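Asks: Please model the entire structure based on the sequences and the hints provided.
Protein chains in written order, with the UniProt record's numbering: chain A, 1 to 405; chain B, 1 to 405.
Just so you know, these hints were derived from the structure itself, not from any lab.
Some clues are possibly wrong.
[Stated by the list, open to error] The calculated label-pair distances, taken between Cβ atoms and stated as ranges, are: (1) A:245 <-> B:381: 48 to 54 Å; (2) A:402 <-> B:204: 51 to 57 Å; (3) B:360 <-> A:29: 23 to 29 Å; (4) B:130 <-> A:333: 50 to 56 Å; (5) B:130 <-> A:215: 56 to 62 Å; (6) A:333 <-> B:137: 44 to 50 Å.
From a predicted model like this one, the values you see are computed outputs, not experimental measurements.
By construction, the Cβ of each residue, glycine as well, lies at the ideal position given by its N, Cα and C atoms.
Protein chains: 2
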Amino acid sequence: MAVGPGTLPEFFPVPGIRLGIASAGIKKPGRKDLVVFELAPGSRVAGIFTRNQFCAAPVTLSRRHLSLASPRYLLINTGNANAGTGAQGMEDAIACCRALADQASISMEEVLPFSTGVIGEPLPVTKIVNALPQALEAVSGDRWAEAASGIMTTDTRPKGASRQVEVNGRTVTISGISKGAGMIRPNMATMLGFIATDALIAPDLLQSLASGLGEKSFNRITIDGDTSTNDACMLMASGQYGGPEITADSPDLAALRDALEQVYLELAHAIVRDGEGATKFVTIDVSGAASQQEALDVAYTVAHSPLVKTALYASDPNWGRILAAVGRAGVSGLDLNALEIYLGDVCLVRHGGRAEDYSEERGQAVMDREEITIAIDLKRGDVRETVWTCDFSHNYVTINAEYRT
Amino acid sequence: MAVGPGTLPEFFPVPGIRLGIASAGIKKPGRKDLVVFELAPGSRVAGIFTRNQFCAAPVTLSRRHLSLASPRYLLINTGNANAGTGAQGMEDAIACCRALADQASISMEEVLPFSTGVIGEPLPVTKIVNALPQALEAVSGDRWAEAASGIMTTDTRPKGASRQVEVNGRTVTISGISKGAGMIRPNMATMLGFIATDALIAPDLLQSLASGLGEKSFNRITIDGDTSTNDACMLMASGQYGGPEITADSPDLAALRDALEQVYLELAHAIVRDGEGATKFVTIDVSGAASQQEALDVAYTVAHSPLVKTALYASDPNWGRILAAVGRAGVSGLDLNALEIYLGDVCLVRHGGRAEDYSEERGQAVMDREEITIAIDLKRGDVRETVWTCDFSHNYVTINAEYRT
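Replies: Structure follows, in structure tokens:
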């Protein structure tokens, strides 16, 4: 049902980063539900977290620890989101971090916890703690594919990306995994991303990259407009690539940023492609905006419109619905007669109505494809933003309207 | 499929207001697709219109005429929305108004046009003009039920309300009809409301009532978040009730306002009950807000959340989805641990998680009903807002994902 082949790449191991997997039996016995990232000393980490105010204990704790220490471990569990668990949830998250810290002879603040899965149920701390030795004993640099599967909840397939790029005459490796497909009761299929590189990156630059790249990828995807309580996207840089520290002034920064951006985008897009019931991968490209805010308002209004999304499901080049969505996006003084809307390279709307040169055949050909681009040129500025989403199908409803048994 | 019985009331005729119906063959031959309201001289009219910037010619023209003259006729056609029709669309709307004005010996500005139906196709002016005599010849005060059917497009049933109230020792009558069920390609099932009364209401007060009552009813319903290009809700007051002019200081104003409010609410709710694929009528009541804006932000975020709406379809008391929607409503500094969420009178959420005294049985009993109230007390102020919506079902997708034949 997902869009596109979604094959995992061959992962390049990232020097300084090792992964471990375990079965803690958090929800399903025997399932790989615990993943650890082990970071060599000197590694730097930056990330972005959910903006949802209903925010799980692990998110609060990870944020806190990140501000206090350089992380040595990321501890990820599925099967339980430790969300909606109040004060007890915070204690439980702390207990897991402390247990790992004890086993690794580090301090608790050097562990970042991440949880995803059932909400409102207490984290099974004992099960997690008991599985830590298993997770830690066989850490290795080439367990990326297993980790990609290990962080899945409602995903139908694992998601990963891996590249190498020349920086300062040396090879830099970037590997990453992600998860997230929507929210299913009682699970919250949190959006998570973990990207690691052996580049040696100045701390401020690392945060700037994590924020900027995360913003333009993970924060530009939407399946149904809902954001989870546990979303996070972390960038880990071990610094072991063998070359000088990369700063904002480095000539090869552009090449590094481009490669990171490709990885971030692949991982973010993979989440959309695996969206619940998705049959279309849709790019909504808004250009000619007067500000970032209005570009995003337009893009998200179109991306969230149930009428546009059901039309996409129907492969229906319904310009009226797209224009109506643009018209209600709240852009002050928008001239509907000035803007243009394209489906792929076919002009659909011009002068406030269907383009005179539009042909049903050409428009239909675009909509029949699995990958569709809706391009909206507002013609009132030069700001551009892109958002990615999928369609609304019967399966979306089926998946999300589970009856209690 | 719609929610509740939806029976039309017995309509009270409104002195000074007569209705006419015709078949113009705009889209389907033989169908009643033209409705006129004839207003006695001295009648006053006020209304609210769509805020969608993609706004149809008739809306622009009605607004303009309303500012220039006291309307004598409302001219409503179905089968064609005259939207996305550019300059030609405006000429066509004018031509229809002019034709009616000629036949009634009045000026064009005294006619308010309203259109709903197919978009992007030229208004069949000749057909409409040719049907005007038929519409005008048998105008009568008791054709409300026919008119309710005459303005339908994608509605599955006609919608009306009618009441009487004592004002200044006299009987005031209020009758109204509405339409709107969502948007179907290529039609836009515009939301329209027409409420008439024989009360004699001071002009400023009339506008204030039309805006205020419209705001708290028609502007508080949402099926899928999409707003049409042709939405309008008009209040016509013939002034013929036999008593003194009602002003902001009249002692009986409260009774009149209450009666009008009941009619507005019935008509607006009827639209939600007939929402595409609706199986639930849902009241989302947000109280304890610090401002109207945040109350509405929370209410609409919950009302538009596909995950909440599919849970409603599944009769699933999914507190996590409701809380996640509240959490992303953008309310600055919201304390998730302070708020409370009720399903009917069953407390579902307290202290940031499922209420300790919540029982699955009681929650399920509420969700199994067709009429559901979700009450959210933000505990940070004293502002309250209510929004009404319906669920997302498989049928919603089916209706809106029509394949081209």
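Asks: Now, for every hint given, state plainly whether the structure supports it.
Replies: Going down the list of hints, with the structure as the test:
Taking the beta carbon of each, residue 245 (chain A) and residue 381 (chain B) are about 50 Å apart, inside 48 to 54 Å as hinted. Our hint of 51 to 57 Å for residue 402 (chain A) and residue 204 (chain B) holds, since their Cβ atoms are close to 53 Å apart. Hint check: residue 360 (chain B) to residue 29 (chain A), Cβ distance near 25 Å, so the stated range 23 to 29 Å holds. The hinted window of 50 to 56 Å between residue 130 (chain B) and residue 333 (chain A) is violated, with their beta carbons roughly 40 Å apart.
For the pair residue 130 (chain B) and residue 215 (chain A), the supplied restraint of 56 to 62 Å holds, since their beta-carbon distance comes to about 58 Å. Look at residue 333 (chain A) against residue 137 (chain B): about 45 Å separates their beta carbons, and that is inside 44 to 50 Å.
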